[in-house]
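Q: Now for the letters of each chain:
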Amino acid sequence: MTPENLIWIAMLLPLVAIALVFIIGEKSPNIRESCTIGIAVTLFWVTTRLAGVVFSGERPSFKMGEMLPGFEIAFTVEPLGMLFALVASGLWILTTVYAIGYMRGHHEKNQTRFYACFASAIFAALAAAFAANLFTLFVAYELMTISTYPLVTHHGDEKAKKGGRIYLGILLSTSVAFFMLAIAWTWTVAGTLDFTPGGILAQPNIDGKISDFQLSVLLGLFAFGIGKAAIMPFHRWLPAAMVAPTPVSALLHAVAVVKVGVFSILKVSIYIFGIDLISETRLGEGANPIMMSDWLCYLAGATILLASLVAMTKDNLKARLAYSTVSQLAYITLGAALATSDSVIGGGMHIAMHAVGKITLFFCAGAIYVGAHKTNISDMRGLGRAMPLTMGAFLLATLSIIGLPPGGGAWSKWFLALGTVQTGHFWLLAALMVSSLLNIAYLIPIPIRAFMTPAGEAPMKFKEAPMMCVVPLCITAVGSVVLFFFGNEIYDVLLPIATSAR
Amino acid sequence: MIEQLPVLVIVIPLMAAPLFVLIGNRKLVLLLTQLVCWTVFGITVSLLSRMQYGPISYELGGWPSPYGIVYNVDYLSAFVMLFVSGLGAIVITYAPKSVEREVHHSKHSLFYASYLLCMTGLLGMCITGDLFNVFVFLEISSLSSYALISLGKTRRAPLAALHYLIIGTVGATFFLIGIGLLYQMTGTLNMADIASRLQAIESSRTMLVAFAFMTVGLFIKMAVFPLHTWLPNAYTYAPSVVTCFIAATATKVSVYAFIRLIYVIFTPQFAFERLPLDSALMAFSLVGIFVASAAAIYQTNIKRLLAYSSVAQIGYMLLGISMSNVGGLTAGITHMFNHALIKGGLFMVVGCFALRIGSLKLEDLRGAGKTMPLTSFAWVVGGLGLIGVPMTAGFVSKWLLLTSALSLELWPVAVLMLLSSLLAVVYIWRVVEILYFSPASHLAKTAKEAPMAMLIPTYIVIGFTIVFGCWTVYSAGIAHAAAESLLGITQMGGVQ
Amino acid sequence: MTDFLGLYNYWIVIFLMMTGFYIVIARENLIKTIIGLNIFQTSVFLLYITMGKVTNGTAPILTGSHSGESHGAESHGAEGHGAEHGQELHSAAEGHLESGVEVVTEIYSNPIPSVLMLTAIVVGIATTALALALVVRIREEYGTIEEDEILEMDRNS
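Residue numbers (our numbering), protein chains in the order written: chain Z, 1 to 502; chain A, 503 to 998; chain W, 999 to 1155.
Simulated from the structure, these hints should not be mistaken for laboratory data.
Don't be surprised by glycine CBs; every beta carbon is placed ideally from N, CA and C.
One or more hints might be untrue.
The following label-pair restraints were derived from C-beta to C-beta distances [to be verified]: (1) A:W913 - W:V1120: 48 to 56 Å; (2) W:I1059 - A:N527: 45 to 53 Å; (3) Z:G70 - W:M1016: 27 to 35 Å; (4) Z:V471 - A:T595: 40 to 48 Å; (5) A:W913 - Z:V471: 52 to 60 Å; (6) A:E561 - Z:G208: 53 to 61 Å; (7) W:G1141 - A:K599: 31 to 39 Å; (8) Z:P405 - A:S909: 51 to 59 Å; (9) A:W973 - Z:D379: 51 to 59 Å; (10) Z:G70 - A:W913: 17 to 25 Å; (11) Z:M64 - A:T731: 44 to 52 Å; (12) Z:G208 - A:V975: 31 to 39 Å; (13) Z:A430 - A:P914: 38 to 46 Å.
Pulled out of the complex, with its shape left as it was, chain Z reads as follows:
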């Protein structure tokens, strides 16, 4: 099986899942779910095969066709996209298992629609991961927005409607008003939209088709246009999307949707601008020149801090996790904006680390809801007695999010910090430190208090969430620690994206 075939097989599989889910429908939920899991496992196998090829240096590609003259739907796999695809496909399996436990434990309706939309979101994620040019990426990006809307508004009530409105409103507005404009501008200036090592804007910049200042504006259009990266002030959709059932929040808002956002920002920085262009373009002369991406670095830094501060004020667990996600995504954006090889690799690593860590936290939140019917942190005191596995997993994942060993997030934080030092942004280094402290402040108390005895009340009895919920979250919690030990391997795998330009 050639690598080219692996690409389209990988993308076909979720589509097959959609078809099967609709055909089987409500008639036999067990068969329906088994189909999804079967296809998810097959997909993971395909992506690992593909990963073997890509990580050893090949760049397989597959062209689907031309939508308009000059704009084709094409796929080329490079390490960053491969990592994203691996994470997405691997976590799909676990999330489906978890969703089975959650949706059935909760007697949710419209499960057929749920699993079908899930599959289509995974399809969009894969299409984005493998995209060979900005046009394909944009198509996949919008497809993701549309296919996740029914998931966000799953409950169909007034709250879901309002949440869905904010979700769709912000994502569509930013993508149409800014992202689309940025892509068209790039095409007008560079004549191509292909992701190329070293970027495509360096030559037009030298030729004078786009000035340094305009490069900065273009970067801004991309940064704000890719609303899924949740850079302030276009981050409100993330907490609004928490009206969704927790499996949705877990996969989509820890793994698929948000990762498509920051992944796009990374790809744009590396393969459209080129990290050399970003790190070397100066606005203005003089002793202290401003780099073209400085404003984005500081905006990302501000997002990191502000989101963490807001997270501390939230009592609802999912809301706190949402703001934590906003903050963590800004790390990756920061990595892209700093544009050194270490920061960019750190950002890429964080895609994997944060995904595994955050999904665990969301899984736990959902398990707590299904098992103990609690959503607010203040009610969770002593819950560790009833749900030790859940809370234990929570603790492990928290380490990764905070950035402490043996959590995998330690590696990505390390490389991001290196990036701030390399570019001389010591204020940002301080921001990273402070945010780690804030992370501790708003995450650690949750499992700690859970393992304490509730004041005055008898200790709770052991009553874990359904097995199908608990097993996945244990697996991902262990995964976030395991990833720590593979930090070096992931670094080596991602190294080509930062060095191929030279």
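Let chain Z serve as the given structure and place chains A and W on it in line with the hints.
A: Chains A and W in isolation, oriented as in the chain Z frame:
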């Protein structure tokens, strides 16, 4: 037979119409009408496929041009005729149950005859190369559409039709005045001949006045803001089938006439360089897009909402035309095609709702997502096309417009155009929320799903909006060929 | 001055056009609106017909004393009566000078504009008939043909 195709496309429906009135039996007339429409569609497909060998020129009655009337088929006219007849055929296949419900059965054979006449008029406008002939066919299509609109259920239908009649006749008469003045200047009515004779004349006041009258007349027929006031009422109170057909075709054919006016007769040099038509058109279109989209947001009647949306979409077509390069013109022509599909499809969905729920008010459609899932899903897909989500036809037009605007460095136009698409999100999504998120209204609770006979044509049209969103060889590709030949003609000197 | 007054046909055209147009715009009685539309259309007929008259030209009817080319002796390329700046227009009369036809010594007015106006008059009649039919329907439904009353009834319903 093959040589006679250009004239057959007019003669067949034209002769069929009075014949069907005489036949009278409404079931037979319906069947025959469907047969005629599909035959005409077949002819237009064959004509379009012959365009790769070059344009066709057909002399009526053997009289040589420029003395006789000539029918010219080139990429642009074949393309427009294709979607006019295609939509005419699909809508008439979809029509029977809707017409049963909305039009009194004593009027059915007259209804179908008028439908054929309307289609004849529209096709004639596309195919003819004689300017006065354009006026005649314009009036044929307009008069039959006035009659069709007046057959609506409520008492406001004849009023809307009369209002449209008055404004439309004024517009057509303006067009006629323009033709007269042009005839005075050049002595001929053949469009290509006029073009070559006009080139010899330096700008004269008569030429300007003729251009002005013809432009205003066509603006009225195209429903360009602010001359659009007839459209909302006409679309809202007409029978559903009539709205489907007319919304998809009538204004587009007037846009086609306008393209011929600017690009063939008056040449872009005159229109865009001597007169600031490009800035004027851009200004009018942008204002129209925003005002009409904003008006659509506040409507409580779903047909009215789509009517205002149509006014806005005409603005996009004109925006493309006003950018007088190949890219902009391609964008405008592609949007004519794409919007015909999208709006036709959306109005067909509305027709399904009208049949089952019996009301067009948004508050009566609440909760219809549960009782009429297939129909509602068709609305979602069509609506996404209107918004311009990738993989839909609407995205193709928007993308072409965007890239042309940026290649001409028209930044404000690009930005405004993108912002206006966001308004479309608001009014489309309002309906989606009403369908899916609201508790069912009394009428929606008891509604059944729309009949297959109506759903299948609807899904075919909506399906095509997705097909032509991904595979644009036959939409943007043909539009590009048409745009190139239009701009090429003027460079060559305008002789056929 | 004579040129100014000599264009009196066009002055009448303009007068009729504006009168008709005003009647259409002024919102009164529906029948009056239709009449206004008719007057407006009539002015256009007059415009065309005026255009067709050639100075010293007679009615364009062949009297049979010429060998008839069925291709028609239409004197294409009219010298428009009172055309704006008296520009010389192409005369396509050359095309008719084929072998066998005697050179025409009579000057004919241009028959084409009149012919076009026949079509336009028919269109106008069809429009008027349709409009009157609609007014009859409106009268049946609303009970009145005064525009303001109809608008009032619609606003209240």
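Q: Which of the listed hints are broken here?
A: 3, 4
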